[in-house]
Amino acid sequence: MPRLIKHGSIIDDAWQLMDPDCTVPAPDQICNLDQWLQLGDKNGSAVQLEPGQDPSCLFGALEDIDLLVINFPIFTDGRGFSYARDAREHGYQGELRASGHFIRDQLTYLQRCGFDAFQMADDSHLDAALTSLMDFTEHYQAAIDQPLPLFRRRS
Amino acid sequence: MYVYDQHDQKIIDERVAQFRDQTARFLAGDITDGEFLPLRLQNGLYLQRLAPMLRIAVPYGLMNSIQLRKLADISRTYDKGYVHISTRQNVQLNWPLLEEVPDILAELATVQMHAIQTSGNCIRNTTTDQFAGVASDELEDPRPYCEIIRQWSTLHPEFAFLPRKFKIAVCGSTQDRAAIHYHDIGIELVANDDGEIGLKILVGGGLGRTPAIGSVICEWLDKKHLLTYLEAILRVYNQHGRRDNKYKARIKILVRAMGIDAFREAVEEQWTALKNGPSTLTEEEIIRARSFFRDPAYQTLDTALAISQLEDDCMRDPIFANWITRNTQDHRLPGYRIVTLSLKATGFAPGDITAEQLELLAELSDVYAFGEIRSTHQQNMVLGDVQISALYALWQRLQAAGLATPNIGYLTDIICCPGGDYCSLANAKSLPIAEAIQTRFDDLDYVYDLGPLELNISGCMNACGHHHVGQIGILGVDKKGQEFYQICLGGNQAKDASIGKILGPSFQQKDVPEVIDNILSTYVTLRQEEESFLDTYRRVGIHPFKERAYAKAD
Ligand code: HEM
Ligand code: SF4
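For the protein sequence lines, the chains are A and B, in the order given.
Each residue of the first sequence is one higher than the one before, counting from 100 in the working numbering.
Each residue of the second sequence is one higher than the one before, counting from -16 in the working numbering.
Okay, chain A solo, but in the shape it has when bound (with noise of 0.2 Å):
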């Protein structure tokens, strides 16, 4: 079973994505976009974005969605850093999960901007990229983490 990061401990994870040319999707699997939009019923669903596909289509279930997968392709495209925050500022609860190839150096930027689960394209360092979720202790600025900037907190 592949294992992620989620909330600051490692777990193994059950979910899977979707056949492309399946139309519903059984338990613990995740559509992608197409997917989802033509779902019936979209309450527990799991959804992955790529870059491109912004939340806003979401918008309107974001309490229907359990698990909402953002992909990286490739960890210098940033696009999934704003999508994170819009959907979590637009009241999306449930998991938030970045998946694919950003690195670990990025994990706190993720966390700061709404992700709770990281699963990284190699999972072989997962204890070490741990640590770096600990680099920064105070920020400047406000995000999902801490959603006050620091001219609030100051003292």
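Because the hints were derived from the structure by calculation, they are not lab data.
Please read these numbers as outputs of a predicted model, since none were measured by experiment.
Careful: at least some of the hints might be erroneous.
To be verified - Over the 12 Å line for every Cβ pair with chain A, so calculated as not near, a few chain B residues: (1) GLN1; (2) LEU10; (3) LEU30; (4) GLY103; (5) SER119; (6) ASP120; (7) THR157; (8) ILE180; (9) GLY260; (10) THR286; (11) ILE290; (12) ASP335; (13) GLU342; (14) ASP432; (15) ILE525.
Said to hold, decoys possible - From the structure, some residues in chain B lie toward chain A, with a derived Cβ separation under 7 Å: (16) HIS(-10); (17) LYS(-7); (18) TRP135; (19) PRO140; (20) ARG226; (21) ASN228.
Every residue gets a Cβ at the ideal spot worked out from N, C-alpha and C, and that includes glycine.
Guided by the hints, dock chain B with the ligands onto chain A, whose structure is given.
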């Protein structure tokens, strides 16, 4: 100037530790070149032709004497005893060792400096008017807002992997000395009809391959909305800016493709979610930011006496008189002047400054200018607050150190990128061109007679030397492996901004000074009375210049 508290210091220290770990992992082979690239760039580190280049941030160009001494120290210990002032007011080391960069950053952190986001596809160091706070034409000091933007943009989690780099400049005066029209975002402090000062926001300016002048996205914004509005712009750009072609990735391309009205609409839509949220500036925060830029301990001076003494000194010493005219400017207070130190002596790379000169500047700033120094985007340095009665003594020290070349704003005050001597992206060398021009035009009387003139040189289309906005711009181009130079005329970075027009086919290196001479004598022949080069050019157009420049070839 801004002073860190324990929070600021912690953030900077944690950044140093993070980069030390990243560098160690890179050297151990645990991070690939491709992964390390953006990590090091976001700490200002380029790997160049001869050695790495480390760009140190100088937030809005302001430094104190302690920081200058530290830079001198670092340049001796880790480099070759000199540094370079960049066209974005930063400081560059040209020869550090990668292994030692974390130590350099740790040293910088002890004097509240860093290299965060001085390159890479992120929000860069915010720049402003080098005369901020002392200029006589200032509506409001822009530096508190620069500092607010600095803090917001520093290690911003959402905007560290933008389509391309992102530059913000702020200006608070009638004359724009911050080139806000050529930034991804330009901000101007302006009064509305009720006299309340707010922010005018421009978006989509830039140089590089596709020079563009910024468009107004908001005529007047209440200051408290500064950060949420910036965040909305950046979010639209981060989601929709092109990522398929790095030459089309700047926000100027997105703004042009969408049209400014549609772009504004998209920003406004994002903004509705952010507006009045926690990032809205509080009155206390604006007051806090401004408190760092309050007046230093100015004295009430006997101005009449000082001026008559200055006049005497000028009568006695025409070289000094000349320097006063060319290199000093009115201060908003009567007993003081603003002094610009020229880093453009012939025979030295424009913008280079040695460790000894840095230390001298530190000392002089302590004695004469409240311990503060500014760097300028024209690659010079400024002492903002010098008493008129101290100018003669100051000048003698500067003169002895080669820092008093009286050419500020004139032809030989050339803006120039490092070019082919240092930079691996260069098409052609730029420093020898600068030197050849300075050498050819060594007759100061002729240079003054030409009036204020900006000549800018870039070694390639990346335009680090701002060639498009020089009244005369020179661009290195590669023709079948040979170095050639294209010349453009009529650029201008002031409020009536314009982008230079290409004169015609490019020239060989050896011909460039002659061509410049021809262009200048065309101007001298055609100008009416006190008309500047730019005004003459705008009146007569490019053709007379072209005819003359290419006359021999026919
Ligand atoms: C020697 C190493 C350097 C390298 C490799 C380098 C690289 C680049 C590149 C690739 C760009 C273009 C990016 C774009 O247009 O999107 C650029 C732009 C720029 N560089 Fe450099 N540069 C170097 C040194 C400098 C220096 C020394 C200065 C200052 C004197 C400087 C100032 C600038 C500025 C102001 C721009 C922005 C032009 C704009 O607004 O688009 N660079 N640089
Ligand atoms: S303009 Fe080109 S040659 Fe000059 S420093 Fe920039 S990238 Fe290098």
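Worksheet entry | Given as non-interface: B/GLY103, partner chain A, CB spacing beyond 12 Å | It is violated; B/GLY103 is separated from chain A by about 10 Å at its closest Cβ, not greater than 12 Å.
Worksheet entry | Nearest-CB test (12 Å) between chain A and B/ILE290 | Per Cβ check, B/ILE290 is outside 12 Å of chain A; nearest 44 Å; holds.
Practice prompt. Verify that the Cβ of B/ILE525 lies farther than 12 Å from every Cβ atom of chain A, and report whether the claim holds or is violated.
Written response: holds (41 Å)
Worksheet item: So is B/GLN1 really clear of chain A, every C-beta pair being over 12 Å apart?
Response: violated (5 Å)
Worksheet item: Taking the closest Cβ pair, is B/PRO140 under 7 Å from chain A?
Response: holds (4 Å)
Fill in: Separation of B/SER119 from chain A, once the least beta-carbon distance is taken, above 12 Å
holds (31 Å)
Item to complete: So, B/ARG226 near chain A? Judge it on the closest CB pair being under 7 Å.
Response: For B/ARG226, the interface hint holds, since the closest Cβ of chain A sits about 6 Å away, which is under 7 Å.
Practice prompt. Say whether it holds or is violated: B/LEU10 keeps its Cβ farther than 12 Å from all Cβ of chain A.
Written response: holds (15 Å)
Worksheet item: Is the Cβ of B/ASP120 farther than 12 Å from every Cβ of chain A?
Response: holds (30 Å)
Item to complete: May I ask you to test the interface hint for B/LYS(-7) with respect to chain A, counting a Cβ-Cβ separation under 7 Å as satisfied?
Response: Hint on B/LYS(-7): holds, closest Cβ of chain A at ~5 Å, below 7 Å.
Fill in: Minimum Cβ distance from B/GLU342 to chain A greater than 12 Å, as the annotation requires
Given that every Cβ of chain A is farther than 12 Å from that of B/GLU342, nearest at about 32 Å, it holds.
Item to complete: Measuring Cβ to Cβ, find out whether B/THR157 lies farther than 12 Å from everything in chain A.
Response: For B/THR157, whose nearest Cβ neighbour in chain A is about 30 Å away, the distance exceeds 12 Å, so it holds.
Of the numbered hints given earlier, the model fails hints 1, 4, 9 and 21; all others are met.
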